Amino acid sequence: MSRALEQLLSILDLETLEVNLFRGLSPQVGWQRVFGGQVIGQALVAANRTVEGRLAHSLHAYFLRAGDPSIPIIYEVDRIRDGGSFSTRRVVAIQHGQAIFSMAASFHKDEGGLQHQIKMPDVPPPEALPSEAELKACLIDRLPPQVKAYWEHERPIEIRPVDLSRYLTPENRAPSQQVWIRATGSLGDDLALHQCVLAYASDFTLLDTALIAHGRFVFDPTLMLASLDHALWFHRTFRADDWLLYSQDSPTSGGGRAFCRGTLFTQDGVLVASTTQEGLVRKRNGR
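For the sequence shown, my numbering begins at 3 and goes up steadily by one.
It cannot be assumed that every hint is accurate.
[Unchecked claim] Below, in silico cross-link-like pairs of lysine to aspartate or glutamate (EDC-like), each with a Cα-Cα straight-line distance of 20 Å or less:
1) K111 / D84
2) K285 / E173
3) K111 / D165
4) K121 / D270
5) K121 / D251
6) K138 / D124
7) K111 / E173
8) K138 / D165
[Claimed, not checked] Computed beta-carbon distance windows for the label pairs:
9) L193 / Q30: 28 to 34 Å
10) A228 / L57: 44 to 50 Å
11) L57 / A176: 30 to 36 Å
No lab work stands behind these hints, which were simulated from the structure alone.
These numbers come from a predicted model, not from an experiment.
Virtual Cβ for every residue (Gly too), placed ideally from N, Cα, C.
All chains should be modelled from the sequences, with the hints used to inform the complete structure.
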C-alpha cells in the first residue's frame with residue numbers, strides 16, 4: 003500500500019464525536035482548499051456509520067463553500083428515514099460555523115430484479131498502457147508545467163489515461179476521455195469502504211473532461227474551476243482496488259458552467275457506477 007493510500011484511508015476513518023456527529027481531517031499537502039472528492043468520500047463514510055445492512059445506491063451533493071484544509075470538518079448526519087427496503091440520510095459538512103457541503107444519500111438492501119446495461123467502450127486494457135511510474139520517467143519533462151506538477155505528487159489512486167495525446171499537444175478535441183483507475187493497494191473486503199474510495203476518486207478527472215473541447219487543463223491559471231454539484235449512482239458491487247474504466251464526456255458548457263458525466267466498468271465489462279457533475283468554469287480577467 004502506498005503512503006498516499008494509507009493517508010486516504012486515515013482521513014476516511016472519521017472520528018465519532020456524538021450520535022450522528024463526526025469529525026474529519028484533511029491531508030496537509032499545501033492545497034489552498036479541500037479536494038471535493040475528499041468531502042464526498044468523508045460524507046459518505048459519515049452516512050454509512052448510521053446505516054446497517056444496506057449499501058449506498060446513490061448520492062447527490064452540492065459544494066457550497068471552499069473547504070479549509072487547515073481545520074477539521076464536522077459532518078452532521080440527519081437520519082431522515084429507514085424504510086423496509088431503503089434508508090435515506092442527509093449530511094452537512096461544517097467549517098467556521100457554516101455549511102460548506104450538503105449531500106443526500108440513499109441506501110438499499112440487496113435484492114434481485116431485471117438486469118441490463120450498456121456496453122463498455124472498446125479500449126486497451128490497463129496492462130497494455132504505461133504505468134504512472136513509466137509515464138513520469140518518459141514524459142514528465144514534456145508536459146505543461148501545471149500538468150507536470152499534478153503528476154509529480156504521489157496519489158492514492160493510480161490513473162492510466164487511454165489517450166495521452168492531449169497532454170502533449172493541447173488543442174481543441176471532442177470532450178471525452180477514458181482512464182483506468184484503481185487504489186494503489188488492497189482495501190480489504192468492506193464493500194462500503196470501496197464505495198467511499200470510488201466516491202473520492204470519481205471527482206479526479208470529471209470536470210477536466212469539459213476542458214478537452216478548449217485545449218485546456220484543469221490547472222490552467224487563466225481559469226477559475228470548482229465543482230458545483232456531484233451525483234453518483236452505484237449499480238453493482240465492485241472493488242476499488244481492481245481496475246475500473248472511467249469513461250467520461252461533457253455534453254455542454256456555457257454561462258460559466260460545464261456539465262460532465264461518466265460511467266465506470268470493471269475489466270470484464272460490468273457497469274458498476276455512473277456519475278454526473280456540473281462545475282464552474284470561469285475565465286480570469288477575460289482571458
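Consistency of the hints with the structure:
Restraint check for K111 and D84: the C-alpha separation of about 11 Å stays at or below 20 Å, so the hint holds. A distance of roughly 18 Å separates the Cα atoms of K285 and E173; the hinted pair therefore holds under the 20 Å criterion. This hinted pair does not check out: K111 and D165 have alpha carbons roughly 38 Å apart, beyond 20 Å. Restraint check for K121 and D270: satisfied, since their Cα atoms lie roughly 11 Å apart, inside the 20 Å limit.
Our distance criterion of 20 Å between C-alpha atoms is met by K121 and D251, whose separation comes to about 16 Å. A threshold of 20 Å between alpha carbons decides the hint, and for K138 with D124 the separation of about 26 Å lies outside it, so the pair is violated. With a CA separation close to 47 Å, the supplied pair K111 and E173 exceeds the 20 Å bound. Under the criterion of a C-alpha separation no larger than 20 Å, the hint pairing K138 with D165 is consistent with the structure, at around 15 Å.
Between L193 and Q30, the C-beta spacing of about 30 Å keeps the proposed range 28 to 34 Å intact. Taken as a hint, the range 44 to 50 Å is violated for the pair A228 and L57, whose Cβ atoms sit roughly 29 Å apart. Between L57 and A176 the CB atoms are about 35 Å apart, so this pair conforms to the stated range of 30 to 36 Å.
Comparing the model with each numbered hint stated earlier shows that hints 3, 6, 7 and 10 do not hold.
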